[in-house]
Amino acid sequence: MRTRMTCLTILPVLGVGVLLLRATPAEAAGTRVEKHFTVTSRPVVTIQSVANGRIEVKSWKNPEIIIVATQASDKVAVETEQADNRIGVTSRIQDRGARSEELEANFQITVPEETELQIKTDSGLIYVEQVYGDMTLETVAGDVHLKEVSGYIIIHTMGGSVLCTQCAGKLNFTSVSGNIQILQPQLNNVNLSTTSGNILYDGDFLRTGIYWMKSGTGLVEVRFSENDSFDLNARTTKGSVDNQAQAFLKPDSHGLRYLSSKFAKSLAGTVNAGLAQVNLSSFSGTIRIRKRD
Numbered sequence: 036m037r038t039r040m041t042c043l044t045i046l047p048v049l050g051v052g053v054l055l056l057r058a059t060p061a062e063a064a065g066t067r068v069e070k071h072f073t074v075t076s077r078p079v080v081t082i083q084s085v086a087n088g089r090i091e092v093k094s095w096k097n098p099e100i101i102i103v104a105t106q107a108s109d110k111v112a113v114e115t116e117q118a119d120n121r122i123g124v125t126s127r128i129q130d131r132g133a134r135s136e137e138l139e140a141n142f143q144i145t146v147p148e149e150t151e152l153q154i155k156t157d158s159g160l161i162y163v164e165q166v167y168g169d170m171t172l173e174t175v176a177g178d179v180h181l182k183e184v185s186g187y188i189i190i191h192t193m194g195g196s197v198l199c200t201q202c203a204g205k206l207n208f209t210s211v212s213g214n215i216q217i218l219q220p221q222l223n224n225v226n227l228s229t230t231s232g233n234i235l236y237d238g239d240f241l242r243t244g245i246y247w248m249k250s251g252t253g254l255v256e257v258r259f260s261e262n263d264s265f266d267l268n269a270r271t272t273k274g275s276v277d278n279q280a281q282a283f284l285k286p287d288s289h290g291l292r293y294l295s296s297k298f299a300k301s302l303a304g305t306v307n308a309g310l311a312q313v314n315l316s317s318f319s320g321t322i323r324i325r326k327r328d
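Per our numbering, the sequence shown starts with residue 36, numbered consecutively.
Honestly, the hints are just simulated from the structure, not real lab data. Yeah, the Cβ is synthetic: ideal placement off N, Cα and C, and Gly gets one too. There could be a bad hint or two in this list.
To be verified - Dumping the calculated DSSO-like pairs for lysine-lysine here, alpha-carbon to alpha-carbon at most 27 Å:
{"id": "1", "residue 1": "K326", "residue 2": "K285"}
{"id": "2", "residue 1": "K182", "residue 2": "K326"}
{"id": "3", "residue 1": "K96", "residue 2": "K155"}
{"id": "4", "residue 1": "K155", "residue 2": "K110"}
{"id": "5", "residue 1": "K249", "residue 2": "K205"}
{"id": "6", "residue 1": "K300", "residue 2": "K249"}
{"id": "7", "residue 1": "K249", "residue 2": "K285"}
{"id": "8", "residue 1": "K155", "residue 2": "K182"}
{"id": "9", "residue 1": "K326", "residue 2": "K273"}
{"id": "10", "residue 1": "K205", "residue 2": "K182"}
{"id": "11", "residue 1": "K93", "residue 2": "K182"}
{"id": "12", "residue 1": "K273", "residue 2": "K249"}
{"id": "13", "residue 1": "K155", "residue 2": "K205"}
Stated by the list, open to error - If you anchor each label on the Cβ, the simulated ranges turn out as follows:
{"id": "14", "residue 1": "K285", "residue 2": "I128", "range": "57 to 65 Å"}
{"id": "15", "residue 1": "P98", "residue 2": "A308", "range": "40 to 48 Å"}
{"id": "16", "residue 1": "E261", "residue 2": "I128", "range": "52 to 60 Å"}
{"id": "17", "residue 1": "A133", "residue 2": "K182", "range": "29 to 37 Å"}
Using the sequences and the hints given, assemble the complete structure.
Here it is as structure tokens:
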């Protein structure tokens, strides 16, 4: 394990190396600290940050993890640890009376392509690109941007929104007020739920895929191609269903119906052979179905 840092304190813990990365007061503003960890296949990286700032994770083909932390001041401490093939990163506040701008810590993390991620932060952007492993991402107010990732992806936010571009595998998203946009996906299992946010799914529905999308008061919109094959069930209690694809929806070929007494407005139909299953629901929002241009 190679070490590059400014002012390092090593705290031994039974079989686990814990490194406290802290700048001296004179170096605090804009301090950059870098750590390297050698790993084997499919490592696990956990990040827990209470600081403001961006967490960026990208991949490369080397069996090594590089962590670069940039701190605005010494009011934030950053710790890293390695336990075999697990790498942990934690930030904590040193001074609860510090100003918001003093509590910023940004992370740039490079990992092997097949890496499992577990990231939890209060605010700031989480950005992950070209990582092909399961991941759990949790944020209170920060946004999440994913590009060309694959695996079982779990995202929980309170108010943060999600942009998922060219994502593959399985996706589970829950939020109170956050929006989610899914563009050019290769997802075969989707479960999206937001209380007041909007949902946009613009991409292919894979054969035998299952897709659930639900918003309480927001817009749920799906855009599909004429080559897609799926059964559609859209239902809302007090909202509306905006069907802009009448020419492509034929009567439900599999006989699936919802009781009219349960949902005030509903739409069921089949596109081509109906191989995938698409379920859209809202309480008082709008559901929109469109063919992609």
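Structure-based check of each hint:
Taking the CA atoms of K326 and K285, the gap is near 14 Å; set against the 27 Å cutoff, the hint holds. For the hint linking K182 to K326, the alpha-carbon distance of about 24 Å falls within 27 Å, and the restraint holds. Under the criterion of a C-alpha separation no larger than 27 Å, the hint pairing K96 with K155 is consistent with the structure, at around 25 Å. For the hint pairing K155 with K110, the CA-to-CA distance comes to about 20 Å; that is within 27 Å, so the pair holds.
With a CA separation close to 16 Å, the supplied pair K249 and K205 stays within the 27 Å bound. A threshold of 27 Å between alpha carbons decides the hint, and for K300 with K249 the separation of about 15 Å falls inside it, so the pair holds. A C-alpha spacing of about 23 Å is found between K249 and K285, which places the hinted pair at or below 27 Å, so the restraint holds. Only pairs whose Cα atoms come within 27 Å are accepted, and K155 paired with K182 is accepted, the gap being roughly 18 Å.
Under the criterion of a C-alpha separation no larger than 27 Å, the hint pairing K326 with K273 is consistent with the structure, at around 24 Å. Distance check on the hinted pair: K205 and K182 sit about 14 Å apart at the alpha-carbon level, within 27 Å; holds. Restraint check: the Cα-Cα separation between K93 and K182 comes to about 10 Å, which is no more than 27 Å; the hinted pair holds. Distance check on the hinted pair: K273 and K249 sit about 14 Å apart at the alpha-carbon level, within 27 Å; holds.
Annotation: proposed proximity of K155 to K205 holds, straight-line Cα distance about 20 Å (limit 27 Å). Taking 57 to 65 Å as the suggested C-beta distance range, the pair K285 and I128 conforms, at roughly 58 Å. Checked against the hint of 40 to 48 Å, the C-beta distance between P98 and A308 comes to roughly 44 Å, which is consistent with it. Checked against the hint of 52 to 60 Å, the C-beta distance between E261 and I128 comes to roughly 54 Å, which is consistent with it.
Judged by the Cβ atoms, the range 29 to 37 Å given for A133 and K182 holds: they are separated by roughly 33 Å.
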